[in-house]
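Visitor: Full structure from sequences and hints, please.
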Amino acid sequence: MWTDPRIARLITLIRVALRPPAGAGRIALALTFGALCHALFAAGVLAMIVAMFFGLSESLGTVPWPWATLANAALIVQFPLAHSLFLTPRGGRLLAMLIPGPHGQTLATTTYAIIASAQLLALFALWTPSGTVWFRAEGAAFWAMTTAYAASWLILLKASFDAGAEVQSGALGWMSLLARIRPVFPDMPTSGLFRLIRQPIYVAFALTLWTPPVWTPDQLVLASAFTAYCLLAPRLKERRFAARYGARFDRYRAAVPYILPRLNKTKDQ
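Be aware that the sequence shown starts at 373, since it is given in our numbering, and climbs by one per residue.
Honestly, the hints are just simulated from the structure, not real lab data. Since the structure is predicted, the reported quantities are computational estimates derived from the model, not experimental observations. Beta carbons are placed, not taken as given, at the ideal position from N, Cα and C, and that holds for glycine. A portion of the hints provided could be inaccurate.
[Claimed, not checked] Each pair of labels, with its calculated beta carbon distance range: (1) Leu432 x Ala522: 22 to 32 Å; (2) Leu632 x Leu457: 22 to 32 Å; (3) Thr434 x Val505: 46 to 56 Å; (4) Thr504 x Ile631: 28 to 38 Å; (5) Pro474 x Ala509: 52 to 62 Å.
Guide: This is the structure:
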C-alpha cells in the first residue's frame, strides 16, 4: 500500500510539511490558507450533499419570484464558468496574481479550491426553492435511492483520490508553502477508476445529481445543467492533457473510453 504513488505522494508531502523551515510569516500564511481552504471545502461539500438530498427544496435563499429564477440561474452559471476559467493557462496566471507577494504561484491550487468551495457553498446555501416537490421516496425506495446517492459520493471520493487528493482538496499549495518546496503535481492519472474511463470525477459528480431521494423542478434544472457541463467540460481538460503529455495521452485516450466503461476488453488491452 505504501508503494502506491497516490499514497506515497501524500505521505512525502505531509512529512516535509510537519518540519517546516524557519519563517514565521510564511508559516502563518500557509496555515491560514490551509484552515480557510479546508473549512470552506467541508462547508461547500456538506451544503451540496444536504441540499441535493432534499432536492433543493430546503435552502436559505429568499429572492421573490419571478426574480428568483434569475438569481438561481446566476448561481448555477457562476460555478462552471469560474471553474473552467481558472483551469486555463490565463486563469492559472490570474490565480497566482490574486495573492500579492512571492507566494501566489505556490498557493494557486489552494486558492483555486477556496474559490470553488465558496462557489459551491453560495450555490446550495443561497438557492431559492420553488416550493414544489414532485416526488419524495418512502420506504424501500427511500433506502434504495439513499444508498445510490451515498454510493455516488463514495465513487466521487475515490475518483478524486485517484486523480490526486492533494490537488483536489487544495492541500498541495499550502502544504508546499509550509515546507518551502515547489508544488509537485501528480502525473497523468491512469490508475484506479481512470483505468475504466478517462473522466471518472465528472461521471461520479453527475451520478450525485441524479440519485437524490427527493425530486423537485429545482433539482431537475440543476441536474440537467451540470450534467451538460460534466459531458462537455472534460473536452477542454483533454485538450490541455494532449498538449502536456502528447503521444502518451493519445495512447491512453485510444485505449480508455471517455465516460462509459467497455463491457469487454480485447486481449491486447
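Visitor: Evaluate each hint against the coordinates.
Guide: Consistency of the hints with the structure:
Taking 22 to 32 Å as the suggested C-beta distance range, the pair Leu432 and Ala522 conforms, at roughly 24 Å. The beta-carbon spacing between Leu632 and Leu457, approximately 28 Å, falls within the hinted interval of 22 to 32 Å. Checked against the given bound of 46 to 56 Å, the beta carbons of Thr434 and Val505, roughly 18 Å apart, lie outside it. Range check, Thr504 to Ile631: Cβ separation about 31 Å, and the 28 to 38 Å hint holds.
The supplied range of 52 to 62 Å is met by Pro474 and Ala509, whose beta-carbon atoms lie about 53 Å from each other.
Hint 3 from the list above is the single one not met by this structure.
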